[in-house]
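**Student:** Now for the letters of each chain:
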Amino acid sequence: MRRTLPLILMLMLAIAVMAIVNLLIGSVKIPVADICRILVGDDSQEIWTNIIWKSRLPQVLTAIVAGAGLAVSGLQMQTVFRNPLAGPSVLGISNGSALGVAFVVLLSGKIGGVALSRLGYFGDAAMSVAAIIGALAVMLLILWVAQKVKGNVTLLIIGVMIGYLANAIIGVLKFLAPDEDVKSFVVWGLGSFSRVSGDEMILFVVLMCILLPLSFLLVKSMNLMLLGDRYAANLGLNIRRARMLVIISSGILVAIVTAYCGPIMFIGLAVPHLARAIFRSSDHRILMPATALCGALLALVCNFIARMPGFEGALPVNSVTALVGAPVIAAVIFGRRKNEVGE
Amino acid sequence: MTLLLFSSCNQRGKAVSSDTASVDSLLCPKYATGYQVKSQDGVRLVDVGGDYHFALVTSDDVTVPDGYTKIHTPIKSTICMTALQLSNFTILDAHDVVKGLTGTKNLFNKDILQRVKDGRIVKIGTEGDFDTEMVLAANPNVIFISPFKRGGYDAIKETGITLVPHLGYKELNPLGQAEWIKFVGMFIGKEKEACEVFAGIEQRYNSLKLKVESLKLKELPTVTSGEMHYGNWHAVGGKNYLAQIFRDAGADYVIHDEETAGKDLEFEKMYELAANADYWRILNSFPGEFSYEALKASEPRNELFKAFKEHKVIYCNMRQTPYYEISPVEPDVLLKDFVAIFHPELVEADYQPTFYYLLK
Numbered sequence: 001m002r003r004t005l006p007l008i009l010m011l012m013l014a015i016a017v018m019a020i021v022n023l024l025i026g027s028v029k030i031p032v033a034d035i036c037r038i039l040v041g042d043d044s045q046e047i048w049t050n051i052i053w054k055s056r057l058p059q060v061l062t063a064i065v066a067g068a069g070l071a072v073s074g075l076q077m078q079t080v081f082r083n084p085l086a087g088p089s090v091l092g093i094s095n096g097s098a099l100g101v102a103f104v105v106l107l108s109g110k111i112g113g114v115a116l117s118r119l120g121y122f123g124d125a126a127m128s129v130a131a132i133i134g135a136l137a138v139m140l141l142i143l144w145v146a147q148k149v150k151g152n153v154t155l156l157i158i159g160v161m162i163g164y165l166a167n168a169i170i171g172v173l174k175f176l177a178p179d180e181d182v183k184s185f186v187v188w189g190l191g192s193f194s195r196v197s198g199d200e201m202i203l204f205v206v207l208m209c210i211l212l213p214l215s216f217l218l219v220k221s222m223n224l225m226l227l228g229d230r231y232a233a234n235l236g237l238n239i240r241r242a243r244m245l246v247i248i249s250s251g252i253l254v255a256i257v258t259a260y261c262g263p264i265m266f267i268g269l270a271v272p273h274l275a276r277a278i279f280r281s282s283d284h285r286i287l288m289p290a291t292a293l294c295g296a297l298l299a300l301v302c303n304f305i306a307r308m309p310g311f312e313g314a315l316p317v318n319s320v321t322a323l324v325g326a327p328v329i330a331a332v333i334f335g336r337r338k339n340e341v342g343e
Numbered sequence: 001m002t003l004l005l006f007s008s009c010n011q012r013g014k015a016v017s018s019d020t021a022s023v024d025s026l027l028c029p030k031y032a033t034g035y036q037v038k039s040q041d042g043v044r045l046v047d048v049g050g051d052y053h054f055a056l057v058t059s060d061d062v063t064v065p066d067g068y069t070k071i072h073t074p075i076k077s078t079i080c081m082t083a084l085q086l087s088n089f090t091i092l093d094a095h096d097v098v099k100g101l102t103g104t105k106n107l108f109n110k111d112i113l114q115r116v117k118d119g120r121i122v123k124i125g126t127e128g129d130f131d132t133e134m135v136l137a138a139n140p141n142v143i144f145i146s147p148f149k150r151g152g153y154d155a156i157k158e159t160g161i162t163l164v165p166h167l168g169y170k171e172l173n174p175l176g177q178a179e180w181i182k183f184v185g186m187f188i189g190k191e192k193e194a195c196e197v198f199a200g201i202e203q204r205y206n207s208l209k210l211k212v213e214s215l216k217l218k219e220l221p222t223v224t225s226g227e228m229h230y231g232n233w234h235a236v237g238g239k240n241y242l243a244q245i246f247r248d249a250g251a252d253y254v255i256h257d258e259e260t261a262g263k264d265l266e267f268e269k270m271y272e273l274a275a276n277a278d279y280w281r282i283l284n285s286f287p288g289e290f291s292y293e294a295l296k297a298s299e300p301r302n303e304l305f306k307a308f309k310e311h312k313v314i315y316c317n318m319r320q321t322p323y324y325e326i327s328p329v330e331p332d333v334l335l336k337d338f339v340a341i342f343h344p345e346l347v348e349a350d351y352q353p354t355f356y357y358l359l360k
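Chains D and W, in that order, are what the protein sequence lines are. Be aware that the first sequence starts at 1, since it is given in this note's numbering, and climbs by one per residue. Be aware that the second sequence starts at 1, since it is given in this note's numbering, and climbs by one per residue.
Think of the hints as simulated: they come from the structure by calculation, not from any bench. Every clue listed holds true.
Straight-line alpha carbon distances no greater than 30 Å define the calculated BS3-like cross-link-like pairs of lysine-lysine that follow: (1) K239/W <-> K105/W; (2) K183/D <-> K117/W; (3) K263/W <-> K183/D; (4) K54/D <-> K360/W; (5) K170/W <-> K239/W; (6) K29/D <-> K309/W.
Assemble the whole structure, with the sequences as input and the hints as a guide.
**Tutor:** Right, dumping it as structure tokens:
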């Protein structure tokens with residue numbers, strides 16, 4: 001517990017540093033002095049001002065809240081299912097958003113004609129709506145199932161099956177869709193922190209700033225869940241209700257992040273492990289904020305790498321999260337396990 | 001001697017009759033780089049892209065040089081893999097040779113649609129997943145292919161049908177792309193028509209290009225192209241077909257690299273390049289009437305561009321205009337559309353654009 005506060009402060013500092021690095025460096029070279037001038041309100045360099053305020057800053061904010069949201073969502077799933085391999089995608093919720101987007105992108109103009117296709121073009125806004133609808137639909141299905149079945153494993157398996165089902169439908173849609181639409185869908189699937197801008201970005205950040213603290217309200221239940229269903233029930237926890245609440249919270253977080261950034265893999269699964277390893281705790285009062293901060297930091301690092309000069313947007317965030325994140329997290333966890341053995 | 005010279009582009013081979021020889025000389029591509037033609041012992045030899053060699057013969061008892069695949073012309077049936085290829089047949093009035101297509105999305109030609117409807121043209125599926133049965137049912141003499149990466153051609157090759165690469169899509173010069181109608185003309189026995197049609201295109205294109213050059217402009221209007229899509233902007237390269245048309249139409253494309261196809265750029269990079277471009281060319285399949293509101297709705301940052309603010313977006317809607325289906329064989333019309341926007345004084349006052357117009 002003694003090391004928690006300094007660690008949290010260090011994480012916050014690292015996030016601040018990475019945020020600044022993200023603002024300073026991008027595919028367009030802007031001298032640091034000019035960036036400082038722009039940040040204090042000088043707008044004589046119109047193009048650079050727009051790049052900083054309308055491209056880089058939104059990306060930084062998006063990466064922070066999206067990373068935090070995904071990581072928290074992953075932690076919630078891992079706790080509910082007491083399964084270290086659980087993540088935001090495990091219940092098919094992200095597949096649900098992908099299915100929603102697939103309907104808009106791949107079927108635009110084919111079914112229902114005008115209505116769907118019109119939605120299809122208004123590009124990102126319509127896709128966000130479709131992604132949220134898809135994710136929430138799957139989530140409602142899962143909740144309905146959760147009421148019927150008792151065991152977590154059963155629920156998990158059903159979730160995975162729903163994911164497969166959604167993927168199968170996406171496969172058929174892809175097969176039927178013309179090439180350029182499939183390409184659009186693939187690009188969407190690569191994930192990006194840079195597609196949100198303007199009012200949408202503000203909406204996204206505000207939503208996440210409301211939802212993340214709300215999800216923190218569940219830490220008590222989550223701590224009890226770690227004890228196992230029977231103990232938790234004995235201690236007065238309504239297991240079904242708690243399970244539903246956590247799934248709802250996790251599902252909504254994933255749905256919204258996916259809607260705005262596309263399906264960003266890996267962060268949700270890996271960051272909770274990272275946080276556990278760094279903070280050496282399984283107390284959710286510590287883990288929740290720790291996971292959120294680690295998620296935000298990792299997202300910023302990945303966003304920075306993806307946009308380093310030379311890559312110029314050629315690297316999709318999804319590849320970077322896994323390429324950079326996997327070794328780092330494996331190393332951290334490996335080191336921790338070794339210590340445990342040594343201790 | 002003159003006849004000898006005429007008989008082939010490379011001045012090789014022997015002369016045949018003077019009439020054939022002159023057609024042969026016309027058939028040699030002037031702009032296209034993807035194929036070559038030469039005559040040898042009355043056999044027309046066509047080399048495509050270095051790796052493919054075809055000998056076009058009119059009777060079966062002709063021997064062809066080693067390495068050449070014999071094709072009996074004129075062919076009576078074929079399958080087109082792309083709209084670009086189809087455009088070659090359309091302009092040569094040879095739809096009856098086309099027995100199969102990959103799809104009919106964004107296809108406007110009434111004759112083709114009718115043929116698909118009553119079964120004279122079959123749909124053979126998309127690249128990477130051809131329906132071999134449908135291919136066989138179409139019974140093509142040859143199949144024109146545009147090999148991308150998805151493959152699926154091996155299965156067709158197994159059937160024994162000759163595959164002929166049509167590399168028109170690779171041409172960087174608009175006239176070079178259009179010149180592939182001569183290539184198709186040779187296969188379907190319409191070489192004379194093809195040469196005439198192309199001569200017309202060439203004459204119209206070059207005379208307008210000359211008019212633009214004669215303006216001797218010190219400063220050209222700048223033009224950008226493309227749209228933001230899910231976080232990236234696919235920017236066509238400075239050596240692309242489109243960049244060439246912009247140049248010929250008297251405008252300066254904002255990207256000056258050596259790329260042909262282009263690459264995906266981040267918003268900030270593209271914005272830096274294109275923020276102050278005078279014009280902005282967009283080609284998409286927007287359902288309904290495209291507008292500046294729609295452009296802004298698709299990406300709020302679009303309004304930051306000068307061309308957006310000054311309402312100088314050059315637009316073509318593929319849902320309303322048969323763009324891919326006919327523009328490859330009408331580069332002169334494409335050029336005129338652009339010239340009408342960049343330098344309106346060079347075209348007639350009541351000019352009605354075919355593909356691209358200035359979005360109001």
